[in-house]
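Number of protein chains: 2
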Amino acid sequence: MSKSLTKSILSGDRRSLAHLLTQVENGSPEGLAALDEIFPFTGKAHLIGVTGAPGTGKSSLVNQIALQYRRPTIGIPKRVAIVAVDPSSPFTGGAVLGDRVRMRDLAGDPGVFIRSMASRGSLGGLAQATAAMVQVFDAAGYDVIMIETVGAGQTEVDIARLAHTTLVVEAPGLGDEIQAIKAGILEIADIIVVNKADLPGVENTERALKGMLDLAHPLEKVFRHHGQAMAIPAGEPENASLWVPPILLTIAADGTDVGELIKAIEQHAQHLHQSGDWDRRARARLVSEFEALLTETLVAQFRSSIPDVRYNEVVDRLAQHTLSPWEAVKMLLG
Amino acid sequence: MSKSLTKSILSGDRRSLAHLLTQVENGSPEGLAALDEIFPFTGKAHLIGVTGAPGTGKSSLVNQIALQYRRPTIGIPKRVAIVAVDPSSPFTGGAVLGDRVRMRDLAGDPGVFIRSMASRGSLGGLAQATAAMVQVFDAAGYDVIMIETVGAGQTEVDIARLAHTTLVVEAPGLGDEIQAIKAGILEIADIIVVNKADLPGVENTERALKGMLDLAHPLEKVFRHHGQAMAIPAGEPENASLWVPPILLTIAADGTDVGELIKAIEQHAQHLHQSGDWDRRARARLVSEFEALLTETLVAQFRSSIPDVRYNEVVDRLAQHTLSPWEAVKMLLG
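The listed protein sequences correspond, in order, to chains A and B. The numbers in numbering that gives the first Met the number 0 rise by one with no breaks, and the one at position 58 of the first sequence is 57. The numbers in numbering that gives the first Met the number 0 rise by one with no breaks, and the one at position 245 of the second sequence is 244.
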C-alpha cells in the first residue's frame, strides 16, 4: 500500500502527492512510513525560506519568483513548490494567508504545487511538520521549494534553519520603534528584499537596513547568520562561508527586478556549493531532526517505564515544595 | 559553605544575594546546589511579567510600580525585585536595557533589588536562568518580583509562563502593519497598559486593542491566555479562571494612574487565589521546569552510553541519505 504510494509520488502523480501531504501533516502511520521510504530520494531541491511582516507584499513576491522560475529567460523551467506556513496565533487564525489570492498565471500549471499549512499544536511541531512536507516535495522532484512564513518570531527562525537560502522581506514605512526587533530577524537573512520599492521612504528603509547589516556582518561573525556554527567541522577555514547579504529592491506587483532577485538567489546557491556550506547545512539539518526525534523517543520510553502512581507522587511532592525539580529528577532516575 | 550561603540569603543579606545570583546565572555547581537548598522557601512571591516593544516606556513604568509598592497609600511597603531580561540579538547587544537610567528614588532603598540579565546561549536557556533567578529572590523574601522583557517573541511567551500576572505594555502610534504580530503577544496579557497616554492617537490605540481583545476573549477561550490548559485537573469547572484583561491608560513619566494599575494587579492576584489558578499555575510551572530537566538528563545519560564512533557512524549514514532520521533513532535505541 505504502510502497505503491511512494512509487506514485516518485513518478510525479499530483493526487498521490496531495494525499501524502495530508497524511504527513496529520502525522498518520501511513505518512510516517512513507517518509522513511522517500528519504533516499530527498536532498536535491533548493529550499528557499521567505519571511517578513504582513503588509510587505511577501505573497505576491513568492508568486512572482515562482512565475519567473517557470518562465526563465534562459535555461529550462524549474518545478516549484510553495509551502505557506502561518504560525499566527489562534486569534488571527490563518487569516493572513487565508485571504491570499494566488495569481491566475500559476493556476493550472502542472509544474507548480501550492500548499498552505496553519498552526496546529506546538510551534516546534509546526517546524517539524514543515520539514516533513518539504521532504515530500523534494522526493517528488520539485527543484525549488519555497517556504513562506509570516512574522518574526522563533518559528520563523526555526523554519529558516530548514532553508538553504533565506529571504527577509521588508517594505518602506517601518517605524523606528520596531527596529530593535527587526535586527533579530536580519540575522537569518541571506538576501534582504525591500519590496514595494515604489513607495515613498524606500531610501530610508534601505539606509536603515544597510546600517543594521554593517553592524551585523563584521568579518568574524560570518558563521552566525544561520546559527549553525556547530555544524562546521573542526579545522575548516572559518571564512569558507563568507556571504554578506545583498539588499535588493523589488516591486512584486508588476514584477520589477524580480529577475535580479532570482539571480541573487542562484548566486547564493552557487556560493553554498562552492564553500561546502550546502552539504554542511544539509547535514546539520538532518542531525537536528534526528536529535529531536531521539529526544522525543527517549522521553516517551522513559515515561512509559514509570508507573503513573510513582510519577504523580513525585510531581505532588514538587508542588508541595518538599522536593526541588533537580531532586525530583534524581529520585526518578536513581 | 553552601549551607551558610543559603542561611545568609534567607536572612536577607544583600551581598550574599548578589553573589548567589551570579552563581545561578553562570550555572555554577555552587549555584545549582544552593537552588536545591532554597527551594523549600520559594513559592510565596507575586511574579509579575512586564513585556512590550522598545519605546513604550516599559522601564519607567516598572520603576513607578516599584516605587508605589514601596510607598503605598494604605498597607505596608512590599519588598520588590526587578529582573530585567534582554533577549535581543547579539546585534543590539543589550543596549535596549543597557542605557536605562534607574530612578533616584529607588537607589539606595534596601527593599528594592534590581538585576539585569542579557541573553547568553540559547533562548530556552535564558528562560531557565530567569526562572532560577526568580526562585532566589523568592526565597530571599521579596514580595513582588517583576520580570521585564523587551520584544514580542517566543522568549517573552516563555518568560510570561513564569509569571502570575503578565502586563503587556503598548503606546500610541503603533503601525497597523504590526497589529497581526501584536495579536500573538496579547494572548499572554492579564492586564494591558497603554502607556504614554498623553500622546496623540491614544484613543485609536485603545480602540484597536479593545477590538483585538473582543476577538480574543469569547467565553469559551478563557483558559487559553496562559497556554496552560494542560494544567487544569480534569473535572475542574472550566470557567473557574474567567478573567478578561482590562485595558489601563498610564503616564509613567509622572506616575499618572500607576496607582490604578497597582489596584488591577492586586485584583488579578486575588482572582488567581480565589479561582485556584494561583496554585494550578505554580504547579504547571514546576512540572514544566522538572520535565525540561528530566529530558536534558535522559538525553545526556543516553548519549554518554553510546560510543562516539557508533554515534558518528549513524550520523554519517543519515547525511548520506542511506538511513532516515527515524530509522537512525531505531538503530541506536534497538
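Quick caveat, the hints were computed from the structure, so don't treat them as lab data. Take these hints with a grain of salt, some might be off.
Identical copies go unnamed one by one, so any copy, or any two together, can satisfy a pair.
Pairs of lysine-lysine, DSSO-like flavour, derived with a Cα cap of 27 Å [as the list claims (entries may be wrong)]:
| # | residue 1 | residue 2 |
| --- | --- | --- |
| 1 | K329 | K2 |
| 2 | K209 | K329 |
| 3 | K43 | K2 |
| 4 | K43 | K209 |
| 5 | K77 | K209 |
| 6 | K77 | K329 |
| 7 | K329 | K262 |
| 8 | K6 | K329 |
| 9 | K262 | K2 |
Here the structure is a predicted model, which is why all the values come from computation and not from measurement.
Structure-based check of all given hints:
Taking the shortest alpha-carbon separations for K329 and K2, only the inter-copy value of 20 Å comes in at or below 27 Å, while the best intra-copy value is 45 Å. Taking the shortest alpha-carbon separations for K209 and K329, neither the intra-copy value of 51 Å nor the inter-copy value of 48 Å comes in at or below 27 Å. With identical chains, the CA atoms of K43 and K2 are at most 27 Å apart within one copy only, with a shortest distance of 21 Å there and 59 Å across copies. In this homomeric assembly, K43 and K209 never come within 27 Å of each other (Cα to Cα): the closest approach is 33 Å inside a single copy and 49 Å across copies.
Taking the closest pair of Cα atoms, K77 and K209 never come within 27 Å of each other, the shortest separation being 32 Å inside a single copy and 47 Å across copies. Taking the shortest alpha-carbon separations for K77 and K329, neither the intra-copy value of 55 Å nor the inter-copy value of 36 Å comes in at or below 27 Å. Taking CA atoms no more than 27 Å apart as the test, K329 paired with K262 passes in neither setting, with 56 Å inside one copy and 42 Å between copies. For the identical chains of this complex, K6 and K329 are inter-copy neighbours only, at 24 Å across copies versus 49 Å inside a copy, given an alpha-carbon limit of 27 Å.
For the homomeric pair K262 and K2, neither the shortest alpha-carbon distance inside one copy (39 Å) nor that between copies (65 Å) is at most 27 Å.
Violated hints, listed in ascending order, are 2, 4, 5, 6, 7, 9; each of the other numbered hints is respected by the structure.
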